[in-house]
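Listed in order, the protein sequences are those of chains Z and E. UniProt numbering applies: residue 1 is where the first sequence begins, and numbers increase by one. UniProt numbering applies: residue 1 is where the second sequence begins, and numbers increase by one.
Dumping the calculated DSSO-like pairs for lysine-lysine here, alpha-carbon to alpha-carbon at most 30 Å:
1) Lys134(Z) with Lys222(E)
2) Lys4(E) with Lys71(Z)
3) Lys75(Z) with Lys154(E)
4) Lys71(Z) with Lys148(E)
5) Lys134(Z) with Lys4(E)
6) Lys151(E) with Lys45(Z)
7) Lys71(Z) with Lys151(E)
8) Lys61(Z) with Lys3(Z)
If you are wondering where the hints come from, they were derived from the structure by calculation, not from laboratory data. Since we're looking at a predicted model, the values are computed, not measured.
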Amino acid sequence: MLKVEQLSGGYSNEPIVKNVSFQVQKGELFGILGPNGSGKTTLLKMISGILPFQSGTISIKGQSIKSFSMKELAKMMAVLSQHSSQAFSYTVKETVSLGRYAHQTGWFRSWSEEDERIVQEAMEQTGIHAFQNKSIQELSGGERQRVFLAQSLVQEPEILLLDEPTNHLDLSYQKELLDLLKQWTREKGLTVISIFHDLNLASLYCDRLLLLENGSVHTNAVPNEVVKVDKIKEVYDTDVEKHPHPSIPVPQMVLLPNFNGEENIVEIGPEFMRFSKEHISLHAPLPLRTMSSGVIGSGVGWHQTFVNRHVDKTYDCSDHRNEMHHYLKEHGFEPSPTIGMMTAVWLDDVSYKLIKGDNFSIFVIVTAGVSNAVDASKSDQHSFEMVPGTINTWIFVNGQLTEEAFIQSIMTATEAKVKVMDSEKVLDLVTGTTATGTSTDSILIAATQMGKKLEFAGTITPLGKLISQGVFECTTEAIRKSRKRLKAK
Amino acid sequence: MKNKAFAYVISAVFLVVAMLLGISIGTVHVPIFNILQIIGAEIFRFMSIDQIDPMQTNIVLNIRLPRVLLAGLVGAALAIAGAAFQGLLRNPLADPYTLGVSSGASVGAVMTLFFQLSIPFVGAFTLPLLSILSAFLTIFLVLGFARKIDKGMKVETIILTGIIFSSFLGAFISLVIALTGEELRQIIGWLLGSVSMRGWTYINIILPFFLIGSIIILANSKELNAMSFGEERAQHLGVNVQRRKMVILIAGSILTGAAVAVSGTIGFVGLVIPHLTRLLWGPDHRHLLPLSILTGSGFLILADLVSRTIISPIELPIGVITALIGAPAFGLILMKGRSRKV
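Excised from the complex, chain Z in its bound form (with noise of 0.2 Å):
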């Protein structure tokens, strides 16, 4: 549809532009990135035709864009800006109306039914319908970049040009203009050109993204390809990190700030501890990275508080992470940044221990009864129950984690589960099988993320061998006690 072919031109004549070439599909939503002064708005507006350029070609479906009439490029092109000049005040109607100027030919320029439907037409599609005898001036940027939007589809172009549309919308206007763009370039064949400044909008929304870095094209290709680590700290010298969107398969990326939380390193230990009837809990002094199954706080995130709450056999566990966040808030824990835990095991027989390793350390709670123990090979064979975990393991490391080490750390910690339920010789008694663990069981890796580094927790790793020596010795005694308590009963 569009093809650039190494373009080159500026305001004066220094280039700012310098060899640019793409191409941009039909139907595409394409998207320019690159810092300030790289030449986005100047390419832009050579595009658009409001600059004239000094080398190079721009060609709209093979036709140079020299040889089009102000009108027929107009017919062909539109333009939603950031800003606009509103020195009078005209209404809704009249503004979106004169994107049918190229349209309408003649001496006597009527007006005809055409043209009014296509008006009412964009109107509805931009939700402006409602306002179209106020005056713009009396709008809010949002409405008014609807208006402006509005006009631009009146002109029926086949392809949009857009100078970082959201830059001054909020957030819900943002994705509400987006989303549009976005339907439009399925549904019509809509092809949009569009600068972003915020990196995470264009890799969610865009088919494919130019990267321009002092006015040469440094990348051209799809969203997984252009924004990475290294390509973003080399164009805008900045250090991010790339994380994927819950959802869709794209990146994003979260910047790293230069402030530092905590200067001192802290060590988790038993300290931390503190003892109730109903629950044992652990406060760390600041926020610990986490990666937790549990009723609440599971999954990836930073918490602060751990809870493991006793419930009795009989607890009822249908609308349980409402109740727990309940029991939280009732006992002065803010959810947000706990993890909670339940269990069936009495308090009294939780094992806990801190185990040193070399300039880290590891400590690790264990509550664990093995009355509902599952062999996990045959677990087909029981019914679906839930019945409040049993074995809670915790594992507080004092060091700095990655995403692999985190995943790592479950496995190992698991193998040694495992091997506890063998050398205790539980039983799965459905099966009659060794048990391999128990049907609720939960765990938490939680990070300090200082001191030092470690990457890799498999068996034989400095971390694994602690996290497998401790999961090990707690396991086993949280067991013994429990089972202790049950014989005395």
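For this one, chain Z is given, so just place chain E on it according to the hints.
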């Protein structure tokens, strides 16, 4: 559109009433019915007007009517030029003198009076002729200079060039005034503006320029609408901005130059009439421009009426009246319409 039809009716009625009053009232009072008969007889030759005092006929046809028509044409020219400049320069406070055209025309007039110039065959019309010529020269210089500075000729550049030229030419005029002796009264009188004792020939001078200038500007109504959102926006909408801008500027300058040439520098009309019309009936140039023509001409006719009757038989300069009446009236309108913007 019902609203707009109403506007045209009111403006047209305003103009007609102003004309009739302008012709009727004066040192000799001519009844309106007589006026209609006299004019009717001129147009439809068969009508007889024997029963009307020939002095009245003479006054109407040779003094009042041309005077009223001239005032009307000047008022219309200034109003539509003012409206066009306000739209083009995206500023509701621009007026037709912004570009220095009036200063240019004034220099021509002042020089004629100072040096008592007279061109053979042209005689008494040397003044308006030289005035128009220097007006055109000024337009040429202003636009040419602006283009030299900024090839794209942004309106901001044009405004600045206009200010430079009008300041320089204004200083030149003041210099001439400082050097004059007896011509001072004539010069000042001319500068303050007047439509009296001009006659039909002056109408013949302004009429063609008025028609050309107005038609050109009216034909660019939609382009003016687009350009009032900014030159870039207009270009994105498909307007050939460079070409249209030049055309509108030249047409507006022709209108202004011709108006100043025949009646001196009458201020306030080109600023306030379009502004007022926009306040009342909206900024759409397709209606703003014709309505400004009607309102501007009516206004100046009434101003002229006041200037010659208020302390009759002394005539006040019309530019003084337009400001004296216009300014407070505009102030009142602004206060009343404070909630509604231009």
